[in-house]
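Visitor: Residue numbers (the numbering used here), protein chains in the order written: chain A, 1 to 799; chain B, 1 to 410.
Keep in mind that the hints were calculated from the coordinates and are not lab data. Certain hints may be false.
[Said to hold, decoys possible] Below, computed lysine-lysine pairings styled on DSS-like, alpha-carbon distance capped at 27 Å: (1) A/Lys705 <-> B/Lys242; (2) A/Lys4 <-> A/Lys102; (3) B/Lys392 <-> B/Lys306; (4) A/Lys634 <-> A/Lys705; (5) B/Lys306 <-> A/Lys715; (6) A/Lys787 <-> B/Lys242; (7) A/Lys267 <-> A/Lys349; (8) B/Lys392 <-> B/Lys361; (9) A/Lys634 <-> A/Lys712; (10) A/Lys4 <-> B/Lys392; (11) A/Lys634 <-> A/Lys715; (12) A/Lys267 <-> A/Lys252.
[Stated by the list, open to error] Derived coverage of chain A by chain B (criterion: at least 3 residues anywhere in the stretch with Cβ under 8 Å from a Cβ of chain B; other residues may be distant): (13) 136-149; (14) 198-208; (15) 450-456; (16) 543-551; (17) 726-732.
Please read these numbers as outputs of a predicted model, since none were measured by experiment. Ideal Cβ placement from N, Cα and C applies to all residues, glycine included.
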Amino acid sequence: MYSKQIHVQLAMLLLVCCSSFLLGVSIGDRTLVAISITGAVTAFVLVDRLRWIELSGWMANVVSIVVLVYTMRQFIGAGSAGKLVAVAYLLTYLLTVLMFQKKTPRLCWQLMVLSVLQTSLAAIFNLNFENGLIFVVYFVCALVAMILQNDFYEWSRIQSANERNQTASSQHPANFPVGIQSNLPGGKNLRSRMGVLWPWLIGCLAFAFLLFHSLPHTRQQNESALALDFSATGKSWQTDLDETGLVQLSNKLIFRAQFFDYETEKKLLLNNQPYFRGMAFNKLVFKDGKTSWTAPYDHVFDTFSYSKLTRMLPDDLRSLRGVRRAGVELIVEPTNDPLLFVPMPVYRKMNQELVPDFDRDLSALTRKRFRKSNQLTSFRYTVVTLVDSGNRTMPAWPYRSFIDDRPDVPMQTDSPEHAMLTAINAERYPQLVQTAQRVAAKYDGADRIELCQALLQQLSQSNGYSYTLDYRTVDRNLALDPVEDFFANHRSGHCAVFASSLVLMLRAVDIPARYVVGFHGGSYNNLTDCYVVHGRNAHAWVEAYIPPEQCTPEMFEKGMARGGGAWLTLDPTPPVYVENANDALDLARSIWQDYVISPDHNKPSFSGPGPLQAGSLADSWFASAFDYVIQTVKANAMVQATLVGLMVIFGLIIAFREMWPHRKDAKSAAVKNGVRQWLGQAISLVSAQLGDRIQYGRRRRADVKFYNRLEKILKQNLGLQRRPCQTQQEFAVEIGQRLVPLATDDFRDDQIARMLQTITSAFYQARFSSIPLDNHAITDIENQLQKFEQTLKQNHPSK
Amino acid sequence: MTEPQLSRRPIGNALLPQGIVFVVILVFVTVCAVLRNVNLLVVVSGTMSAVLLICWRLSRSMLRNTAARRLIPEEIHAGETIPIQWQVDNYGRSSIFNIRIEDQISQIQSSTRKIPSSKRSRNASKGVLLVEGIMPRDELIGSYRARFASRGTYRAGPAIVSVQFPLPLVKCWYRHTGVTTIHVAPAIGELLPGWHHELSQHTNRFECHASRRGSNQDDFFAIRNWNSGDSLRHIHWRSTAKVGQPMVRQFESYSPHTLAVAADLYADPDNLSDSLDAESAPQICEQILSLLATLLHQWRQHRTQKLFIAIADEKPTTHIAGQDADFAAHLHRRLATAQASRHPAVVNIIDQWNTGSSDSKLLILSSRAMPQEIQDHPRSGSVDWLHCNALKLQLLFQHSTSSVRPQAVH
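Take the sequences, apply the hints, and build the full model.
Guide: Here it is as C-alpha cells:
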C-alpha cells in the first residue's frame, strides 16, 4: 500500500469540501453544502479509514446514472441559470458518489477535475469576499493535492510495471529473460518540493493578476440573466409595528456610498450622517390585530409610473448660493430588490449611461427588475445631491406634484394625495391626537416648520422617551395600538415607532406627513472614504410637507424648496452612536467586490483614476507607484546613468555567455571557487552559517577527504584505481581481495578488510546519509589510513 | 563537479493525459469567462494558465541541469538479482525533483542463438527509476533490480529521462542514448566433493589442493570470505560477527600447480546414441559453462593458483591467468557468449595447451565421449577426457540455491 495514502485521502477530502462549499454557497443552497460535506467526511471515515464499505465500479456507475437522470429533470425546461444549477447539483452528487469508491490515482484525478468544475461554476454565480478567501484556499489545496496525486500516480505506475514484469518473466521466461523490479517511491521530499514551489506560486498569482488586469473587464454586470431565489436586501412592502421580542440587527452589507465634489471630483467628507432615503410609506393599515405601514411596492413591477431622472437635471442648480453639488456613487450589494437608496434631493448625473428611475408613486428611486431575473452582482449608480457650504446634506427637498410631476405646483388640500397623507384613525390614538392638538394650539399662528419642530420635541428624551430594541423588557399593553401604547405608556421603542408616532401627530394637526424608510449613516471607511452601510443601519424617519408659503427664503436659496413647497426631513429617534468601520477588512472586501467580481471601469489610466471606488483605489496605488518610479528616474540623472550602466553590463554578460556558452574552463572555475572560498571564510568570522552557505552552496558538501586519501594511497602505492562504472562498495570488495597477499603481521588481511569496510561505510554515510560523521570516527579512519600507508611503503617500496 | 555539455541536448515536451484534461478544463473556463462575462473565471483561467506554464518551464529547467549515467556491475551471472544503478547529477543551482528514468533491457544473444532486432524490442523488459529529489550541485544514485534468467548478451538502453514537476501535466524528456552491453555469465554453482575426487583420480601430478592440515573444527589453514558453494558448517561465526560479512574457515592450502580445464561445447543430436543425452546436450554444455564460471569466481576470490581455461566451440579461445592482463573480464565475456556447436574445435585447444611448458594434464569436460579424432591425436596423452552426462554432473556440481550475491547496492 502506498505509504502516503492518508495524505492523498485527506487532500481529496479537503478539496471536495472546499469546492462543494463554494458551489453550495454561491447558489445559495446550504442543504447542498451539508449533503456534500457530510457525504465526503462519511466516505473518508467509512471507505478510506475504516474500510467498511466501498462502492464497486459498476455500482458507482449505476448510482451515477440515477443521479444523472435525477438532475436532468431539473435541467430540462430550465433557463440558462437553472441549467447551471442543475449541473451544479449533478457535479456535487457525482463527487459524493466518487468519494465512496476506492481512492486510486485515476479516481483522485476524477475527483480533482470535478472539483475544479465545481469551483468554476461557483465563480460563474457569485462569490463574496469571505468565499473568495476560501477560493484561494481551494487553489492551494488543489495544488498540494495534485502534487500528492502525482506521487501516488507514479507509485501506482511503477507497481503496475513491476507486476507486469513479474508476470511476463514468470510465464514467458524465454521471451522475457530479464525480470525487473523497480523500487517504489515513498513520496519523500514533500516539504522540500513545497519550498521550491512557493516563489513559483507567487509568480503564478502575479501572472494571473497581470492577465486579469490587462484583459478588458465586463461592464454590464447589472443585467445578468441568472434567475435564482436570492435573499432580498433592504425592505419589504410593509413594516410591522407590533414588536414584542428582541429586534435583531443584521450585519449584512447593503451598499457603500462615496461622496465627491461634482465639479472637481475630489472626495468629500460630510459633516453629518447622511440619510439614504429608500421608500415612503403613506398608508397605515390595521389587519389581523396588527398595525403596519404599507406602500404600493408591487407597482415597481409595472413600468407605468416610472419617470427618468432626466427631468431632474442639476445644471439649473448651479447658480444657487451657498450650495454645492455633490456626486454620490453607490454600490449596492447583490440583491433582487429594485429599490435604490439616495440622499435627497436627488438629481441625475450628467453623461451617465446608467440612469435609475424615480417612481413617483413610491416616491423612491428604483431600477428595472426583469421578470424573474435577479441580480447576482452588485449594482452601481451615481446621482447628484446638494450639500451646503459646511458639507452637510440638506434637511429638506423640493416637492413635486404627484398629479403632473411639476415642481412649482403645491399640494392641494382637497387632493387625494393630501387626504392620504393626513389620514389618521383618531379613535385608535386618543392620547397621541390629544397631545398633538394641544401642542398645535400652543403654537397657533406659528409657521408649520416651528410646529413640526415642536411636535418633534414631544418625542425627545426629556419627555421620557428612550430608544430600545428589546421589547421583552417593555411593559406592553397589547390591547392598545402599538404606537398609542408607545406614545402614551411605555415610551420605549425603536425608530419605527418613533417615526410612526411623529407621522400620526403631524397628521393629527392636518400636516401631510409620511413614514420613510432607508438607512442612516453607516460606518465610515477612512481608506476608501466611503460610507459602509449594513443592515443594522436601517432607519425610519418622517417627511412632512411644507407649503411654499411656509418655506423660508433660505430654503428656496439652497434648493430645498421650490414653487410646490418642500418635504422636510424630521427624525424623532434619539441619536445613536457613530461607529467606525473595520477599515482593512472592508477595503479588502471592497476590492474583491469592485475589482474582481464586478469591475465597472475602463482600463486604468495613470492620469485620472475614476473616483470613488475601491477598484480605482487599487488602480491608483499601482499608478502612483509607477508614477513615482518614473518621476524619480526622470528627475535623477545619477539613477538614469546607473540604470543605463546596469543594462549595458547585463547585456554584455548575456552576449558574452551567448558567444562563449561553454567557456567554463578549469582555471575560471578555480578562480571563482577561490573567490567564493575567500568570501565565505571572511563572512564566517561574523556568521558561520552564512559563511558555510557561501563556501559550500546551499548544502554543505559531504566531507569525504578520507576516502579521497584512500584512493590516492591505493593509486600511488599499488596502482589501483576505481573504474568509472564501479561503485565504492564494489571497489572495496575488489581491492580487499587483491590486498590479501600483501598482508603482513602488522597489518593482517582481516584488518585490511575491516578497514576498507569501515572507510566505505563511512563514505556512504557522509555522502548519502543525513547523519554526519563525528570527529572521532574521522580521526580513527585517518589513523588507520596512516598505518596502512606506512605498511604499504615499508613492504612495497617499489610501487 | 564538472558540468557536461547539457545545454545543447534536445529536450522534448509532451502533454500528459492529465495535462490534456487540464487544458480542456482551461479552455472551458476561458470560454465561460468570455461568454458569460464572469471576471472571477478570468482569474481562474489566468491561474490555470500560469500553472501550466510554470509546470512546463520548471520541468524543462530541471531537466536541462540533469545528467544521468548508468552503472552496471562488472560481473553478472545468470539467476542473480543485481541492482542496475543510475547516477543522476544535478548541475543546477536549485533542487530538482521527480526525475524519472525509464530504462529497458533486451537480450541480444541468448545461449543458443542471436535474437532478431524486432523480437528484441518487443520483449524488452522495462525498469523505472524515480529519483525523488537531488539537492543543488549534488548527485544521487538510484537503482532498480534486474534478474537475468539465462546467460547471454544483453543491451541496456536507450533510456528516457523525464521530469514532470510539480504537477503531472507536462512532461519534459530527453533520450539517453547511452547503451550498455551486458555480458551475463552462466550461473555460479557449488563444486561438490565429487569434483575434487574426479580431479585427483585423473592425475596424481595435478594437485589442486593440499591435504587437510587438521581434522578437527578448530584446526584450519585460514579464514576467508564466504563463497558460493561453501558449506554453512565452515562459517567462522566469530569473524563473521567482527567483519560484518560471512567468513569461512579454509582447511586447505592451494598448491601453485596449474589447474587446466577445457569445455568441449559439443551439441549434435545425430552423433549421440542416448536419446536422453541428445535432448539434454545443450543443457549439459550450459552446466559445464556454469562449472567454469564457478571456477573463475573462486579464482577471483583467492587468486592463489594458476588457472588455464579453454572454451571449445566454433571459435575456440584459451584464457590463462597471469598472461592475460584482463583475464577475468575476458573469460567472463567468453562464458557469456559461448555457444554449443556441432564442430567444436577442441583439437585446437589441445594443440595450444601442448605448446605451453606446463607439465599438467588438461581436463576436458565434454557432453560426449572422447571422439576418434582426439584419440588419434598424437598428444591425446596430455588430456584427461571427462564425459559428462546429467548424472555425472550432479556429482560434480550443483547450482546455487541463492539468487542473491553480495553486490554494491545503495
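Visitor: So, for every hint listed, does it hold in this structure?
Guide: How the hints compare with the structure:
1. A/Lys705 <-> B/Lys242: This hinted pair holds, its Cα atoms lying about 26 Å apart.
2. A/Lys4 <-> A/Lys102: 15 Å, holds
3. B/Lys392 <-> B/Lys306: Within the cut-off at roughly 26 Å; holds.
4. A/Lys634 <-> A/Lys705: 56 Å, violated
5. B/Lys306 <-> A/Lys715: 26 Å, holds
6. A/Lys787 <-> B/Lys242: 20 Å, holds
7. A/Lys267 <-> A/Lys349: Holds - the C-alpha atoms of lysine 349 of chain A and lysine 267 of chain A are around 16 Å apart, at most 27 Å.
8. B/Lys392 <-> B/Lys361: 21 Å, holds
9. A/Lys634 <-> A/Lys712: Measuring from Cα to Cα gives roughly 63 Å; hence the hint is violated.
10. A/Lys4 <-> B/Lys392: Violated, because 55 Å separates the two Cα atoms, which is more than 27 Å.
11. A/Lys634 <-> A/Lys715: Violated - the C-alpha atoms of lysine 715 of chain A and lysine 634 of chain A are around 66 Å apart, more than 27 Å.
12. A/Lys267 <-> A/Lys252: 26 Å, holds
13. 136-149: holds (count 5)
14. 198-208: With 6 residues close enough to chain B, the hint holds.
15. 450-456: violated (count 0)
16. 543-551: violated (count 0)
17. 726-732: The restraint on the segment 726-732 of chain A holds, since 5 of its residues have a Cβ under 8 Å from chain B and three suffice.
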